[in-house]
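Visitor: Chain by chain, the residues run as shown.
2 protein chains.
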Amino acid sequence: DRGDVGREAAEKVAGLLERCKALQDAANTHSARIKYDSQILSQQATSVVADIKNVRSFINSAQDEINPRLAEKLEEDLFRARSMVYEGDAASLLPAKPNGYFLSTLLGPVNVRAPRNDVRLKVKEEYNSYRDRTAILFLAFPVILLALKNWCWNGCFPALPVQLYQAWLLFFYTSLALRENILRVNGSDIRPWWVYHHYCAMVMALVSLTWGLQGHPSCIRKQQGVRLFLAWAVMQGIAMLLQNRYQRQRLYTRIALGKAGRMDVVWGETSGVKGQIWVLYPLLFLLQIFQFSIGALLLRTSITEDESEWQMVACGLLLLIMAVGNFSNTVATVVAKAKI
Amino acid sequence: DRGDVGREAAEKVAGLLERCKALQDAANTHSARIKYDSQILSQQATSVVADIKNVRSFINSAQDEINPRLAEKLEEDLFRARSMVYEGDAASLLPAKPNGYFLSTLLGPVNVRAPRNDVRLKVKEEYNSYRDRTAILFLAFPVILLALKNWCWNGCFPALPVQLYQAWLLFFYTSLALRENILRVNGSDIRPWWVYHHYCAMVMALVSLTWGLQGHPSCIRKQQGVRLFLAWAVMQGIAMLLQNRYQRQRLYTRIALGKAGRMDVVWGETSGVKGQIWVLYPLLFLLQIFQFSIGALLLRTSITEDESEWQMVACGLLLLIMAVGNFSNTVATVVAKAKI
Ligand SMILES: CC(C)(COP(=O)(O)OP(=O)(O)OC[C@H]1O[C@@H](n2cnc3c(N)ncnc32)[C@H](O)[C@@H]1OP(=O)(O)O)[C@@H](O)C(=O)NCCC(=O)NCCS
Ligand SMILES: CC(C)(COP(=O)(O)OP(=O)(O)OC[C@H]1O[C@@H](n2cnc3c(N)ncnc32)[C@H](O)[C@@H]1OP(=O)(O)O)[C@@H](O)C(=O)NCCC(=O)NCCS
Numbered sequence: 001d002r003g004d005v006g007r008e009a010a011e012k013v014a015g016l017l018e019r020c021k022a023l024q025d026a027a028n029t030h031s032a033r034i035k036y037d038s039q040i041l042s043q044q045a046t047s048v049v050a051d052i053k054n055v056r057s058f059i060n061s062a063q064d065e066i067n068p069r070l071a072e073k074l075e076e077d078l079f080r081a082r083s084m085v086y087e088g089d090a091a092s093l094l095p096a097k098p099n100g101y102f103l104s105t106l107l108g109p110v111n112v113r114a115p116r117n118d119v120r121l122k123v124k125e126e127y128n129s130y131r132d133r134t135a136i137l138f139l140a141f142p143v144i145l146l147a148l149k150n151w152c153w154n155g156c157f158p159a160l161p162v163q164l165y166q167a168w169l170l171f172f173y174t175s176l177a178l179r180e181n182i183l184r185v186n187g188s189d190i191r192p193w194w195v196y197h198h199y200c201a202m203v204m205a206l207v208s209l210t211w212g213l214q215g216h217p218s219c220i221r222k223q224q225g226v227r228l229f230l231a232w233a234v235m236q237g238i239a240m241l242l243q244n245r246y247q248r249q250r251l252y253t254r255i256a257l258g259k260a261g262r263m264d265v266v267w268g269e270t271s272g273v274k275g276q277i278w279v280l281y282p283l284l285f286l287l288q289i290f291q292f293s294i295g296a297l298l299l300r301t302s303i304t305e306d307e308s309e310w311q312m313v314a315c316g317l318l319l320l321i322m323a324v325g326n327f328s329n330t331v332a333t334v335v336a337k338a339k340i
Numbered sequence: 001d002r003g004d005v006g007r008e009a010a011e012k013v014a015g016l017l018e019r020c021k022a023l024q025d026a027a028n029t030h031s032a033r034i035k036y037d038s039q040i041l042s043q044q045a046t047s048v049v050a051d052i053k054n055v056r057s058f059i060n061s062a063q064d065e066i067n068p069r070l071a072e073k074l075e076e077d078l079f080r081a082r083s084m085v086y087e088g089d090a091a092s093l094l095p096a097k098p099n100g101y102f103l104s105t106l107l108g109p110v111n112v113r114a115p116r117n118d119v120r121l122k123v124k125e126e127y128n129s130y131r132d133r134t135a136i137l138f139l140a141f142p143v144i145l146l147a148l149k150n151w152c153w154n155g156c157f158p159a160l161p162v163q164l165y166q167a168w169l170l171f172f173y174t175s176l177a178l179r180e181n182i183l184r185v186n187g188s189d190i191r192p193w194w195v196y197h198h199y200c201a202m203v204m205a206l207v208s209l210t211w212g213l214q215g216h217p218s219c220i221r222k223q224q225g226v227r228l229f230l231a232w233a234v235m236q237g238i239a240m241l242l243q244n245r246y247q248r249q250r251l252y253t254r255i256a257l258g259k260a261g262r263m264d265v266v267w268g269e270t271s272g273v274k275g276q277i278w279v280l281y282p283l284l285f286l287l288q289i290f291q292f293s294i295g296a297l298l299l300r301t302s303i304t305e306d307e308s309e310w311q312m313v314a315c316g317l318l319l320l321i322m323a324v325g326n327f328s329n330t331v332a333t334v335v336a337k338a339k340i
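Chains as they are written, first to last, in my numbering: chain F, 1 to 340; chain B, 1 to 340.
To be clear, the hints were calculated from the coordinates, so they are not data collected in a lab. Any given hint could be a false lead.
Claimed, not checked - Simulated pairs of lysine-lysine, DSSO-like, Cα-Cα distance not exceeding 30 Å:
hint: 1; chain 1: F; residue 1: Lys222; chain 2: B; residue 2: Lys222
hint: 2; chain 1: B; residue 1: Lys222; chain 2: F; residue 2: Lys97
hint: 3; chain 1: B; residue 1: Lys35; chain 2: F; residue 2: Lys73
hint: 4; chain 1: B; residue 1: Lys339; chain 2: F; residue 2: Lys53
hint: 5; chain 1: B; residue 1: Lys122; chain 2: F; residue 2: Lys122
hint: 6; chain 1: F; residue 1: Lys337; chain 2: F; residue 2: Lys122
hint: 7; chain 1: B; residue 1: Lys339; chain 2: B; residue 2: Lys12
hint: 8; chain 1: F; residue 1: Lys21; chain 2: B; residue 2: Lys35
hint: 9; chain 1: F; residue 1: Lys97; chain 2: F; residue 2: Lys122
hint: 10; chain 1: F; residue 1: Lys12; chain 2: F; residue 2: Lys35
hint: 11; chain 1: B; residue 1: Lys222; chain 2: F; residue 2: Lys21
hint: 12; chain 1: B; residue 1: Lys339; chain 2: B; residue 2: Lys53
hint: 13; chain 1: F; residue 1: Lys337; chain 2: B; residue 2: Lys12
hint: 14; chain 1: F; residue 1: Lys122; chain 2: B; residue 2: Lys337
hint: 15; chain 1: F; residue 1: Lys12; chain 2: B; residue 2: Lys73
hint: 16; chain 1: B; residue 1: Lys21; chain 2: B; residue 2: Lys35
hint: 17; chain 1: B; residue 1: Lys337; chain 2: B; residue 2: Lys73
hint: 18; chain 1: F; residue 1: Lys35; chain 2: B; residue 2: Lys339
hint: 19; chain 1: F; residue 1: Lys21; chain 2: B; residue 2: Lys53
hint: 20; chain 1: B; residue 1: Lys122; chain 2: B; residue 2: Lys337
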């Protein structure tokens, strides 16, 4: 009967409307409460962090008047207090580092902070495994190019495959820069330089894309820059793999120990890592020297050669800047770790 | 006295430790409760959405047996019910669209969904104002290049300024693609094509960067592609400004009406927008025809010319694909709006 079906439909719709209204109210209450509670907690967290700082400076200023053994114990306690705030879910309640120009231009005013600690660790772990996956490509790409040059291309690179590699590099460095910025917002202590370093690498990939390869009469001489660059990329790929292994192990040690702060896992503690350090650091310094010399070579060539391209100057300068920055930041890391 | 200061410090540290412990507990409870509550609410939201669908199909299947006036009213009620779920804070409790390959490769597994409706609207508004700000640049860049070519560069573009422009385009399209993906995750009904379209534009900017400009003996003939591209960019800049005005006004109407869904603001309702439509759509179609003809011209040139570059073929194809896609999606939008 016509009326019956209509009545049934009307009842169903009315029921739905009510449920939707209730859901809407519940959701509004829910998000208002979250907002309210996290504001309160976030004030508490901020004041606790400030007080930790105050107490630490009080202890430091009164160093002569406190028993050294006690001072050491108090220092440890303060460290534990800090860890409780920074490593747990409370961390996301502290005022966030701002997104910065790069993130806010590319992504807009979106919040990339993970609300819970387990999510934050997941983001970090995925970053590590992304670097692992891409390090393979990073290594394979130049090896294949160099091999093909010798076996198939009679010693001269065709432009397209090299440009594909450079485009991939641009994409890759962009993703690293984005991900590292996100890690920073989530409280990572990554040195700013390692992010700037990826901006430099992005610019270099962009510049090298505009660097016409073809049409040179004497490719063997002209393509020396590309050959050097690829050889360096192979070395860097190996270093990346080692670095990943090392940093992943550090992360695991850190999760296991449940400790906070950048300097938590000091040299002595990380028994699993210590062996790797003696391979990693020399390789890094070697790489940086090599990077510096390629940069210097490019600059020298651009001065001596007649019709040198601006790309040669730009890439040379960028390589020099990156080499110096990488070196001084690696040294600073070593010094900071040795101090503890 | 030595003992006194030590005791004072120890007390302070003990107090701090207690406060940190309390804060840690409170933060853990807080985030556990958020997790728990939002799981429950999110189940409710999902079931309500499913039921809305069920009731709607029940009404549709029983159409002949329901009084048309009643059916219309019920349809309206269902629409209101849907709005309550999709426009309020409940929206963030519905299962999120996955990040997609582009976002998850570039950003990692980070959550870009805004938790509250006001934040979501802010992201959208900032997207609109970003497009406004950049449309000016988008317009200024090619105008300046074309002007300088005529007045200072004797009819031939030097490579560097054009490449700077292309690099900026790459950056710009990347930011648009990222932001639109984020809007999608936040529930925008943007057609997927407008995002793919920006991927195509990214690839084209990349390809055009590798397209050596200099060293051509007859630049006037060789640089025809660049000239056409710049002229098209000027037109596109104007269209972008118009499109922004129109879409911003739509957003405001929508916020004012408090309605949900893509098709909410139908043609008739948007009185403020209706006048603009008659300028915008013809201009868009004109632009698409122009885009198609540049693509065709590039392809034809690459066939007739002797030593044509692969970049010409690639850019020509990309322009054709974009023109066809833009056209058919604009038509589909018009058709969808006219239907209501
Ligand atoms: C020197 C080096 C091994 C030190 O690593 P480390 O022991 O993890 O350094 P720190 O203890 O200072 O790390 C602090 C934080 O920064 C991160 N970090 C350090 N170097 C990083 C890098 N190059 N890229 C990304 N993150 C890095 C760490 O993972 C850690 O993050 P967390 O706070 O989220 O746990 C490392 O910085 C490195 O390999 N740098 C590259 C050196 C180089 O010159 N390469 C040549 C060109 S590829
Ligand atoms: C045709 C056009 C004007 C329709 O705009 P519209 O009326 O807002 O379209 P819809 O109603 O389908 O919009 C649905 C959603 O997609 C968004 N959207 C539509 N087209 C968009 C585009 N090109 N870029 C970004 N977002 C777009 C809308 O803002 C709306 O978002 P919301 O759900 O968050 O509110 C618009 O799509 C357009 O200008 N497209 C570009 C056309 C073109 O060919 N340009 C030439 C090259 S630049």
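Visitor: Take the hints in turn and mark each one as holding or not.
Guide: The hints, checked one at a time:
no., hint, in the structure
1, F:Lys222 <-> B:Lys222, "holds (25 Å)"
2, B:Lys222 <-> F:Lys97, "violated (50 Å)"
3, B:Lys35 <-> F:Lys73, "violated (37 Å)"
4, B:Lys339 <-> F:Lys53, "violated (65 Å)"
5, B:Lys122 <-> F:Lys122, "holds (28 Å)"
6, F:Lys337 <-> F:Lys122, "holds (26 Å)"
7, B:Lys339 <-> B:Lys12, "violated (71 Å)"
8, F:Lys21 <-> B:Lys35, "holds (22 Å)"
9, F:Lys97 <-> F:Lys122, "holds (19 Å)"
10, F:Lys12 <-> F:Lys35, "violated (34 Å)"
11, B:Lys222 <-> F:Lys21, "violated (65 Å)"
12, B:Lys339 <-> B:Lys53, "holds (21 Å)"
13, F:Lys337 <-> B:Lys12, "holds (29 Å)"
14, F:Lys122 <-> B:Lys337, "violated (43 Å)"
15, F:Lys12 <-> B:Lys73, "holds (13 Å)"
16, B:Lys21 <-> B:Lys35, "holds (21 Å)"
17, B:Lys337 <-> B:Lys73, "holds (21 Å)"
18, F:Lys35 <-> B:Lys339, "violated (42 Å)"
19, F:Lys21 <-> B:Lys53, "holds (17 Å)"
20, B:Lys122 <-> B:Lys337, "holds (26 Å)"
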